[in-house]
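Turn these sequences into a full structure, and let the hints steer you where they fit.
Single-letter residue listing:
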Amino acid sequence: MKQLLEGSQAVAEAVRLCRPQVVAAYPITPQTHIIEHLAQQVANGELAAEFINAESEFGAASIVLGAVAGGARAFTATASQGLLLMTEVLYNIAGLRLPVVMVCANRAVGAPINIFSDHQDSMALRDAGWIQLYVESNQEAVDTLIQAYRIAEACELPVMVCMDGFFLTHTFESVDLPTQAAVDDFLPPFHFVRTLDPADPMTLGGGSEADNYQEYRSAQQAAVEDAQPVIEAFDAEFDDRFGRAHGGLLQAYRLDGAETALLGMGSLMGAVRDVVDKLRDRGQAVGALRLRCFRPFPAQALVRYLSGVQRIIVLEKAISIGAGGILASELRAALHQAGMMTPVESVIGGLGGRDLTPQVIESVFHETSRDEMGATFRFAPDHVMPDETDHG
Amino acid sequence: MSVFHEIRFHGRGGQGTVSAAALMALAAFEDGFESQAFPKFGSERRGAPVEAYVRISSTMIRAHNQVYAPDAVVIQDAGLLRSEALLRGLKRGGLIILNGEQNPDSESRDFRWICLPASQIGERHLGRSLPNTVLLGALAASTEWVSPGALEQAVTKLLASKGETLIKANIAALREGVGFITQAEEVVA
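For the record, the sequence lines run as chains Z and E.
The numbering used here applies: residue 56 is where the first sequence begins, and numbers increase by one.
The numbering used here applies: residue 9 is where the second sequence begins, and numbers increase by one.
Don't take every hint at face value.
Claimed, not checked - When the alpha-carbon atoms are kept at most 30 Å apart in a straight line, the in silico DSBU-like pairs for lysine-lysine are as follows:
#1 K176/E with K165/E
#2 K333/Z with K99/E
#3 K57/Z with K333/Z
#4 K176/E with K57/Z
#5 K57/Z with K165/E
#6 K57/Z with K170/E
Simulated from the structure, these hints should not be mistaken for laboratory data.
What follows is the structure, given as structure tokens:
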């Protein structure tokens, strides 16, 4: 049934439908409402989980690590500095191949301190071995959260569902929440074959030296790579059961016959699609490609979708300081590997909550690429108020 | 028929500005529209200026941007007019619902002003000078973007945990806001 819900509440309801047995978190803006709703559900007896308000994000991540190793389905959520404080544990969760699911309510990283949204926090964790799925809407956040448990448990890999802080977490919009019965059918109970059990002792996370450490990494790399068809398959199965799909690894919009493709991740892509419609109406051959799955990086799928375009503009809400656009760099490598020399313009914007408005997106499209020596990216212009000089 | 309205709410922390936006969006949703409400993301403090936005549409709303060119602006505290550019981007002919006795800005004749003493009305019903549901009643009655019945449903839903007394008082306040438009002449500057 469709309801008008705040994004945080919608995702908390989705978590409840997945029946986690342990929820551990430390509150941080803009994740707070998600955790408040979960705490309320546990207090009301609507969610039969152990709710642990941890002493820090490091503690919260450690608790879900232990919970999943002990065979429980677990959930945590964080953002920004909180995610960075979890970093050491998140690498361990991935290395131990534990199917933890978390929400990152994407927020900028300090200094300067900033509570608003960009993708710097989760992008900083891109090498940790977590699957990362970036959602565009609150409906997709709900559906992806449910898919995330299925993917995590099938692949024995952790999944991070990345939803833009405020732009999604604090927005009321209509969401169709699946029924408990339908979710139970889609997501069977969690049976972890490597569950730690005092009755049958074994070691999880033993040491490894030079003779086999690299083989662990190689196996982990293969497992994350192999998750690509699984992510696609579960999105397709979700579509069969619930009538909604979100593109699997990536989602094209009016790319047929497009000369220019606008590529990006997360909530900004709604405005991008509006801009594509407007430009198409004016006869511009432009389309959009939304990357839903950033890890594993779907290089081949990207190449396939972008093989017909002559210009690619990558809009990204994070920066690798000293290098530039992260997504653009990885895309260039993928294209190069496929023998393609399509120009990729890297545009960094929306940092620290700055709104990437339709006007800004359109102006980025109209700007011609500046092939300055060594300039591999540019910053998006700031928003200019419509009719600013008219009145007011 | 294609419908698309954007509204910006201005108020101060503690005046229920974000709640007003959520109520409006919920009412539109109850009336069968797609809708969206969200606050301007700031550190919430009592008394500090607060903004919130609403979109109402007959089709799916994809953008998650702030509202820059609203069709209507709701001002919960007239004092904000002195320090904030509250009318920025407001479309020509756009509607201003002001919690105040009269139009304080005679320069802005491009717009349609509706001024009502919403704090006093709110005080009478709620025992606190909360203007939000009164202004929502006036907004609904003057625009017909949502039905007063849907607004009452939204109040009942959103305030469900706060108890019957508060729901009834807010509905009474809302109805007086509606009545201000339907019974009295508009105060046009």
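Q.
Can you confirm whether the C-alpha distance between K176/E and K165/E stays at or below 30 Å?
A. holds (12 Å)
Q: Given the hint that K57/Z pairs with K165/E, test it: the Cα-Cα distance must not exceed 30 Å.
A: holds (15 Å)
Q.
Holds or violated: K176/E and K57/Z, Cα atoms, limit 30 Å.
A. holds (26 Å)
Q: Take the C-alpha atoms of K333/Z and K99/E, compute the straight-line distance between them, and say whether it is at most 30 Å.
A: Distance of about 20 Å is within 30 Å: holds.
Q) Under the criterion that the straight-line Cα-Cα distance not exceed 30 Å, is the pair K57/Z, K333/Z satisfied? A) holds (29 Å)
Q.
K57/Z and K170/E were given as a pair; does the straight-line alpha-carbon distance stay at or below 30 Å?
A. Since the Cα atoms of K57/Z and K170/E sit roughly 24 Å apart, the hinted pair holds (cutoff 30 Å).
The structure fails none of the hints (numbered hints given earlier).
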